[in-house]
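Asks: So the sequences go chain by chain: F and W. Numbering-wise, the first sequence is residues -19 to 255 according to my numbering. Numbering-wise, the second sequence is residues 911 to 1391 according to my numbering.
No wet-lab data here; the hints were simulated from the structure. Heads up, a few of these hints could be off.
[To be verified] Within a straight-line C-alpha distance of at most 20 Å, the following computed EDC-like cross-link-like pairs (lysine to aspartate or glutamate) qualify:
1. F:242 <-> W:1304
2. F:248 <-> W:1191
3. W:1266 <-> F:230
4. F:143 <-> F:218
[What the hints assert, rightly or not] Partial list, derived from the structure: chain F residues whose beta carbon lies under 7 Å from chain W:
5. 45
6. 47
7. 48
8. 62
9. 64
10. 198
11. 229
12. 234
13. 244
14. 246
Quick caveat: nothing in here was measured; it's all calculated off a predicted structure. Beta carbons are placed, not taken as given, at the ideal position from N, Cα and C, and that holds for glycine.
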Amino acid sequence: MYVIKKKKQWSEKVFTCWIDAPWVARSASPGQFLVTINSCKGERIPMTIVDVDGDSIELLFQVVGKSTLELSRMNEGDSLYAVVGPLGNPSVLQKFDGPAVFVAGGIGVGPIYPIAKKAKEMGNKVISIMGSRSETLLVMTDQMREISDELLISTDDGSCGRKGFVTDLLREVLERDEKPSHIWAIGPAIMMKFVALTAKPFNVPLTVSLNPIMVDATGMCGVCRVYVNGENKLACVDGPEFDGYAVDYDGFMGRLTQYQEKEAVALKHYMELEG
Amino acid sequence: MADMLPIKERLKIKRHEMPTLDPEKRGKIFEEVPTGYTVEDAISEAQRCLQCKVATCMDGCPAQVRIPHFIEAIVAEDFEKALEELKVTNALPAVCGRVCPQETQCENTCVLEKQKRPVAIGRLERFVADWNRNNVGHKLPVCAPEGEIKGKVAIVGAGPAGIACAADLSKACYDVTVFEALHKVGGVLRYGIPDFRLPKDILDSEIDAIKETGVKFVTNVVVGNSITVDELALEYDAVFIGNGAGGPRMLGIPGENLNGVYSASEFLVRVNLMGARNFPDFDTPVNFGRKVVVFGAGNVAMDAVRTALRLGADEATIVYRRTKNEAPARDEEIMHAEEEGVKFHFLASPVKINGKNGRVASIICQLMKLGEPDSSGRARPVPDEGKTMEIEVDTVIVAIGQQANPIVAKSATGVRTDKRGYFVASLETGQTTREGVFAGGDIVTGAATVIEAVGAGKNAAQAIDRFIRSKKLSVAEEANK
Ligand SMILES: Cc1cc2nc3c(=O)[nH]c(=O)nc-3n(C[C@H](O)[C@H](O)[C@H](O)COP(=O)(O)OP(=O)(O)OC[C@H]3O[C@@H](n4cnc5c(N)ncnc54)[C@H](O)[C@@H]3O)c2cc1C
Ligand SMILES: Cc1cc2nc3c(=O)[nH]c(=O)nc-3n(C[C@H](O)[C@H](O)[C@H](O)COP(=O)(O)OP(=O)(O)OC[C@H]3O[C@@H](n4cnc5c(N)ncnc54)[C@H](O)[C@@H]3O)c2cc1C
Ligand code: SF4
Ligand code: SF4
Ligand code: FES
Chain F
-19 MYVIKKKKQW SEKVFTCWID APWVARSASP GQFLVTINSC KGERIPMTIV DVDGDSIELL
41 FQVVGKSTLE LSRMNEGDSL YAVVGPLGNP SVLQKFDGPA VFVAGGIGVG PIYPIAKKAK
101 EMGNKVISIM GSRSETLLVM TDQMREISDE LLISTDDGSC GRKGFVTDLL REVLERDEKP
161 SHIWAIGPAI MMKFVALTAK PFNVPLTVSL NPIMVDATGM CGVCRVYVNG ENKLACVDGP
221 EFDGYAVDYD GFMGRLTQYQ EKEAVALKHY MELEG
Chain W
911 MADMLPIKER LKIKRHEMPT LDPEKRGKIF EEVPTGYTVE DAISEAQRCL QCKVATCMDG
971 CPAQVRIPHF IEAIVAEDFE KALEELKVTN ALPAVCGRVC PQETQCENTC VLEKQKRPVA
1031 IGRLERFVAD WNRNNVGHKL PVCAPEGEIK GKVAIVGAGP AGIACAADLS KACYDVTVFE
1091 ALHKVGGVLR YGIPDFRLPK DILDSEIDAI KETGVKFVTN VVVGNSITVD ELALEYDAVF
1151 IGNGAGGPRM LGIPGENLNG VYSASEFLVR VNLMGARNFP DFDTPVNFGR KVVVFGAGNV
1211 AMDAVRTALR LGADEATIVY RRTKNEAPAR DEEIMHAEEE GVKFHFLASP VKINGKNGRV
1271 ASIICQLMKL GEPDSSGRAR PVPDEGKTME IEVDTVIVAI GQQANPIVAK SATGVRTDKR
1331 GYFVASLETG QTTREGVFAG GDIVTGAATV IEAVGAGKNA AQAIDRFIRS KKLSVAEEAN
1391 K
């Protein structure tokens, strides 16, 4: 079980892999995530379910520390110690009157893809906005183009699409005559915070998907708690999607730094062992 | 072989204390603290039992352990028979002998309790389980090989309730599958109770014995998400839900989302389930500070505070809003914590956590005094107006109780929960408001004890057996018409 069926490298740090996980595949919906554990000594790592095909699920991940580096070094045919899910609540989608806008920052495109795809299948006009630092970091553009009525791209350095941030493109879309009915935004916390600030004056509902530090990811440990509308919520069972205007982004970002020192130690330890 | 002594002689024997590791040494290691009886101690302690005709001790045990029988076998030095007697009703004797609050259960109802010297039933139970594990191995009664499989049962959650239910149903010739959300089985026994109270290899050996009877454990399946209770109810003849009360309860005070504030569950899960004390050999880290404060005074709080000490805290303090008398933890745990150097701050209730650069820096507590008894019969703490204190800390652990986790309930149509999310189920049978679906353990009673969960699992196993047999009978009668 949990065999890596296919693996693809997009860029130095970004990978896709398909993993056999029948218990997850049988009931996964857009918006949900899962937990992987690389080895019997591994951490529980939350990852969004990008797509499902038979018994396999697709992940898109970026190497940021020990566990994602280790995962990126595993090959087709290797097995993970565990894959658990689906977790969290499915996205609540409907047929909207106006367009639905999907804003993805960096590898936030992985999580946003299945939601946008479903929205399209339900007959919505889908406007997608993707952004990254540079062209080489843009991934899944073909898949996104396929399911979008319109795909807008920005890069910080201007190497692809508009030079600037996704929020610039979003503002232009919001200023159009055809008023969007709903916005989804997934990406780095700071991006989601600025999407909320940008969109707020336009009064369009905003949903964000939060990726706090998690352990069990089933509502047991409380590490994923975040203030939403001043109330503590557990991202793993009450989310991961929340009203983008109600999230305490600063508190959320603060909690993401909890283990920075230890994460550096883990990576150094791994590099010393494995090179 | 020892003979049963005359009653007068038996009454003369003093209760045998449990030897423990030296508090100085053990405070920094995760080795089990009580070291266990020797064979001589055990036989002598067993001699103290009066073999009462009406064994009142059994009334105090939710699993109805055949106490005089197993103790009699110890006196006869037939330790294998003693284990058989234990396992007639309890598949987890090595666990229960260690973690049961015997002082409020079996030992509390032992006739000798009146003289404040009950038979050390738990310690004897532990001895029997350990002796067998070390000398001959554990075996559980199994369904006779020629026995026909009577039906299929799905169990949700591999904690003590689910495990006990599975073991009994397997013995009664059912095909049992236990679905567990985590990557390891055992529930709180695995992720909550630390090694220095319950070494995990001991838990493993009791669970292995259950696996050998044919029970299938499927880990990494989150019932409610990976599969619903409704689906299980279609596929199996009956479902037992024992998913525990695994939700964290926080204080709801300012500052509790600062870095350095843990729920006890997070702290203990990192250390016990994820191996954080062996970081970076294990990937999961835990931050622990020099000055740790734990809110609460139950078993969970004691486990957290003693774990913090072992991880290297210079100072670990319990802050509790009542006094030691009202503390819900087992007496033994409080005593061990005191011996190891844990500080206690009674009659203080946290009102605010102050931070610096996003991390915990200090806590502010309202000082309390005891007032009238509340509904639980314990004196109610009331604020001592105008008196507060501030303690500088770098780690806060909140251990003020658990709450129901909603994942399972939301996928179980027709299974009613109460206001707080606990399943409504009969305490005698586990029957929920939906036919064929049973529930027991913490998810019905709220946070309770291991042996109460075991008892609930056993009761449900009996009810499930009756339910499936009568269902099959009526189906057969229909067919014969
Ligand atoms: C619901 C959810 C869905 C997610 N989906 C994806 C996904 O589809 N693809 C993907 O690549 N990642 C996803 N993540 C993030 C992923 O879990 C983390 O990147 C991973 O845990 C890092 O592990 P590591 O050991 O490699 O790095 P660590 O050593 O643990 O961390 C290295 C760096 O990453 C930061 N970091 C740690 N945890 C997180 C986190 N949860 N989110 C963001 N940054 C973090 C740290 O602050 C540090 O700077 C998701 C997280 C959640 C909660
Ligand atoms: C730290 C701590 C110390 C304690 N110390 C003592 C003690 O000394 N003595 C004592 O008697 N009691 C003690 N208790 C209480 C005791 O452990 C519990 O009362 C007992 O474990 C309850 O058993 P249970 O089977 O109902 O639930 P749990 O032990 O909680 O087991 C439930 C299981 O179900 C699984 N599960 C949850 N949701 C799902 C799902 N959706 N799908 C599949 N599986 C799921 C969980 O992962 C878990 O494995 C302690 C509790 C804690 C937390
Ligand atoms: S009540 Fe006490 S003395 Fe009597 S049988 Fe039980 S353990 Fe023995
Ligand atoms: S299982 Fe617990 S309560 Fe029952 S006899 Fe053993 S120690 Fe006592
Ligand atoms: S990750 Fe543990 S409660 Fe959400």
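Asks: Now tell me, hint by hint, if it's right for this structure.
Replies: For each hint, the structure was consulted:
1. A C-alpha spacing of about 16 Å is found between residue 242 of chain F and residue 1304 of chain W, which places the hinted pair at or below 20 Å, so the restraint holds.
2. This hinted pair checks out: residue 248 of chain F and residue 1191 of chain W have alpha carbons roughly 12 Å apart, not beyond 20 Å.
3. A distance of roughly 14 Å separates the Cα atoms of residue 1266 of chain W and residue 230 of chain F; the hinted pair therefore holds under the 20 Å criterion.
4. For the given pair, residue 143 of chain F sits about 36 Å from residue 218 of chain F by alpha-carbon distance, which is inconsistent with the 20 Å threshold.
5. Hint status for residue 45 of chain F relative to chain W: violated, with the closest Cβ pair at about 9 Å, above 7 Å.
6. Interface restraint check: residue 47 of chain F against chain W, minimum CB-CB distance 6 Å, threshold 7 Å, status holds.
7. Given hint, residue 48 of chain F at the interface with chain W, is violated; its Cβ is 11 Å from that chain's nearest Cβ, farther than 7 Å.
8. Taken as an interface hint, residue 62 of chain F checks out: its beta carbon lies about 5 Å from the nearest beta carbon of chain W, inside 7 Å.
9. Checking residue 64 of chain F against chain W: minimum C-beta separation of about 4 Å stays under 7 Å; hint holds.
10. Satisfaction of the interface hint for residue 198 of chain F is found here, the shortest Cβ-Cβ separation to chain W being roughly 5 Å, below the 7 Å cut-off.
11. The interface hint given for residue 229 of chain F is violated, since its Cβ lies 13 Å from the closest Cβ of chain W, which is over the 7 Å cut-off.
12. Hint status for residue 234 of chain F relative to chain W: holds, with the closest Cβ pair at about 4 Å, below 7 Å.
13. For residue 244 of chain F, the shortest C-beta to C-beta distance to chain W is roughly 10 Å, which exceeds 7 Å, and the interface hint is violated.
14. For the restraint placing residue 246 of chain F at the interface with chain W, the shortest Cβ-Cβ distance is roughly 5 Å, inside the 7 Å limit, so the hint holds.
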